[in-house]
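With chain L held as given, fit chain P onto it using these hints.
So the sequence lines, in the order shown, correspond to chains L and P.
25 is the number that this note's numbering gives to position 25 of the first sequence; each next residue is one higher, with no gaps.
38 is the number that this note's numbering gives to position 38 of the second sequence; each next residue is one higher, with no gaps.
None of these hints come from the bench; they were simulated from the model.
Mixed in with the good hints there might be a few duds.
To list a few chain L residues with every Cβ distance to chain P over 12 Å, as calculated [said to hold, decoys possible]:
| # | residue |
| --- | --- |
| 1 | GLU3 |
| 2 | THR51 |
| 3 | HIS86 |
| 4 | LYS89 |
| 5 | HIS147 |
| 6 | VAL149 |
| 7 | GLU150 |
Just the calculated beta-carbon pair ranges, DEER-fashion [claimed, not checked]:
| # | chain 1 | residue 1 | chain 2 | residue 2 | range |
| --- | --- | --- | --- | --- | --- |
| 8 | L | GLU12 | P | ARG40 | 50 to 58 Å |
| 9 | L | ARG88 | P | GLU75 | 46 to 54 Å |
| 10 | P | THR115 | L | GLY23 | 36 to 44 Å |
| 11 | P | ALA74 | L | GLU12 | 30 to 38 Å |
| 12 | P | VAL114 | L | THR8 | 39 to 47 Å |
| 13 | L | PHE4 | P | LYS4 | 51 to 59 Å |
| 14 | L | GLU27 | P | ASP50 | 51 to 59 Å |
| 15 | L | GLN131 | P | THR115 | 51 to 59 Å |
| 16 | P | GLU75 | L | GLY166 | 35 to 43 Å |
| 17 | L | GLU72 | P | TYR111 | 26 to 34 Å |
| 18 | L | MET32 | P | THR115 | 35 to 43 Å |
| 19 | L | GLU117 | P | SER21 | 40 to 48 Å |
If we take Cβ atoms under 10 Å as the criterion, some of the chain P residues that face chain L in the derived model are [as the list claims (entries may be wrong)]:
| # | residue |
| --- | --- |
| 20 | ARG6 |
| 21 | VAL8 |
| 22 | LEU12 |
| 23 | PRO22 |
| 24 | GLU23 |
| 25 | LEU24 |
| 26 | ALA26 |
| 27 | SER33 |
| 28 | VAL52 |
| 29 | PRO60 |
| 30 | HIS64 |
| 31 | LEU68 |
Note that the Cβ used here is the ideal one computed from N, Cα and C, for glycine as well.
Residues per chain, in single letters:
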Amino acid sequence: MEEFVSDTTLIENLLEGNVEALGVLFERYRHMVYNVAYRITRSHHDASDVTQETFIKVFKSISRFRGESNVETWIYRIAVNSALNHLRKMGRRKEEPLDDVPEVEIPPTERSSDDPERYLERREIRRAISQAMRKLSPEHRAVVVLHDVEGLTHAEISKILGCSEGTVKSRLHYARRKLRRILKPLLDMGV
Amino acid sequence: MKLKCRTVEGFLSEYIDGDLSPELHAAISAHLSGCERCRREVKELRRTIDLVKEDEVPIPPESHFDRLWSGITAELEEVDVHTGLKLYLLRGLRSVKEALEMWGISWKIKYAAVTLVLILLSLLVDRTLFRPSVDEILFNTIQRSLSSAKTPFLAIEVPRYSNRPITADYKTGLIVRKDEGRFQVMGVMINLKSVQIKDGVLTLVGDIDLSKPPEGDDLPRSDGIPAPELKLKDIALSSPSRVWLSDSPKPREGKLSEESGLRSMIYTDTDAAFANISIGDLN
Chain L
1 MEEFVSDTTL
11 IENLLEGNVE
21 ALGVLFERYR
31 HMVYNVAYRI
41 TRSHHDASDV
51 TQETFIKVFK
61 SISRFRGESN
71 VETWIYRIAV
81 NSALNHLRKM
91 GRRKEEPLDD
101 VPEVEIPPTE
111 RSSDDPERYL
121 ERREIRRAIS
131 QAMRKLSPEH
141 RAVVVLHDVE
151 GLTHAEISKI
161 LGCSEGTVKS
171 RLHYARRKLR
181 RILKPLLDMG
191 V
Chain P
1 MKLKCRTVEG
11 FLSEYIDGDL
21 SPELHAAISA
31 HLSGCERCRR
41 EVKELRRTID
51 LVKEDEVPIP
61 PESHFDRLWS
71 GITAELEEVD
81 VHTGLKLYLL
91 RGLRSVKEAL
101 EMWGISWKIK
111 YAAVTLVLIL
121 LSLLVDRTLF
131 RPSVDEILFN
141 TIQRSLSSAK
151 TPFLAIEVPR
161 YSNRPITADY
171 KTGLIVRKDE
181 GRFQVMGVMI
191 NLKSVQIKDG
201 VLTLVGDIDL
211 SKPPEGDDLP
221 RSDGIPAPEL
231 KLKDIALSSP
241 SRVWLSDSPK
251 PREGKLSEES
261 GLRSMIYTDT
271 DAAFANISIG
281 DLN
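This is chain L alone, in the form it adopts within the complex (with noise of 0.2 Å):
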């Protein structure tokens, strides 16, 4: 069995830079950074660069990290503004078919071989879902994102940002409202 290095000790290789170190760090927080790129932008493609984007931000950016937050907490920042500013150097673009991941798996929950109706029914509120998170701007995505989906509290986003609480605040009113007309369809249905 490997032994298992802190993320602390990651660190420090790294500053003293030893690129295996990263790639540890890559091993344990892919998943990580993928899944929160992906909520943000939309888009497997887009999501895969940011996570480049992101441990190379990580390697070139060592010697900044002062150890103020966890390891991890500083990476997922650096994910959620690489997402960010990926969106604002590409544009708004046209949204992208749902299909643009052909080679994912299938989560879990909706593997249900069992049930071919409840299958499809649970993809169209997928993709009924994933298209509403898109008709928001990145800025209110990713606040609804950070706080309903990974259960931050405004504090913590406002640092992520790098904006105020009562933005926060404002920006998740503001995407929950315009969210809740979107699925109305779909609420009505009692879904």
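For chain P alone, kept in the frame of chain L given last:
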């Protein structure tokens, strides 16, 4: 506190999160108990949040992450040298920081000391390491001029009243005496090692071979006595003494070249290397 629907709508998001003051929370609860429309909105908002939470991310296969990692390492190879140097310097600075902290020296003093050291180093590098001396400039100029000339000639002209007029030809190795417009061969300079001008004295250091005959009918042959090394020094030069390089023994006028300003005046003509160096300016 009685609230209108419009006011309540503005607080519903925070109401759901439990972020309101107890008083406001109670007032909204009271409103909701009597307002079907707002109650429905709360319910739909809660369900919307649940749906967003249920939205799962399609997870790519591990092979995809392997490809991402390959891309990262390829990118890092390009930044590795720069970052490696940065990290190396950083480690050095951290060591300095630890040492200074051990000695109880504050960060402000440390930064000031580091800045001072960097300034001194930059001055040292600029002034000492990369700036050629006047001798080097002169020597390089002479070498460059001689190497491009067909029949190169290094001549030193001294005032008429001097009793030691000596002319040296570096490439063909002629050392001649200029005597009333004629050049008298004194020997052959095989290798010019250095050119120095100090306190008005031009010193040429090189190997002299008096056995080699000069070229040209007007130049008498040497007597053939070998002199392995000879320092041509203590040649009394005073303003307006001049040294010139030419493809002929006779100095010519030329255009001011870009090399002027190096405490010397260098001229070159169009068809051959030709330099006229004012010793007075060099002193």
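### Task
Report holds or violated for the interface hint on LEU24/P, using the least CB-CB distance to chain L and a cut-off of 10 Å.
violated (14 Å)
### Query
Non-interface claim for HIS147/L: all C-beta distances to chain P beyond 12 Å?
Given a closest Cβ separation of 8 Å, the condition is violated.
### Task
Let me know if the C-beta of PRO22/P comes in closer than 10 Å to any C-beta of chain L, holds or violated.
Violated - the Cβ of PRO22/P stays beyond 10 Å from chain L, reaching only about 18 Å at its closest.
### Query
Was the hint right that ARG6/P lines chain L, CB cutoff 10 Å?
violated (13 Å)
### Task
Could you check that no beta carbon of chain P comes within 12 Å of the beta carbon of VAL149/L?
With a cut-off of 12 Å, VAL149/L comes too close to chain P, as the shortest Cβ separation is near 6 Å.
### Message
Less than 10 Å between beta-carbons is the criterion; does VAL52/P satisfy it with respect to chain L?
### Response
Cβ of VAL52/P sits 5 Å from chain L, so the hint holds.
### Task
Return the status of the interface hint for HIS64/P: holds when the least beta-carbon distance to chain L is below 10 Å, violated otherwise.
Interface hint status for HIS64/P: holds (7 Å vs cutoff 10 Å).
### Restraint outcome when LEU12/P is required to lie within 10 Å of chain L by C-beta distance
holds (8 Å)
### Query
Is the interface hint for VAL8/P satisfied, with its Cβ closer than 10 Å to some Cβ of chain L?
Given a least distance of 12 Å, the restraint on VAL8/P is violated.
### Message
Is the claim that HIS86/L lies outside the interface with chain P correct, judged by CB distances over 12 Å?
### Response
The claim stands: HIS86/L keeps its Cβ more than 12 Å from every Cβ of chain P (closest is about 14 Å).
### Given hint LEU68/P near chain L, where the shortest CB pair must fall under 10 Å
At about 5 Å, which falls below the 10 Å cut-off, the nearest Cβ of chain L leaves the hint on LEU68/P intact, so it holds.
### Query
At a threshold of 10 Å, is the proposed contact between SER33/P and chain L supported by beta-carbon distances?
For SER33/P, the interface hint is violated, since the closest Cβ of chain L sits about 21 Å away, which is over 10 Å.
In terms of the numbered hints stated before, the structure departs from hints 2, 5, 6, 7, 9, 11, 12, 14, 20, 21, 23, 24, 25, 26, 27, listed from lowest to highest.
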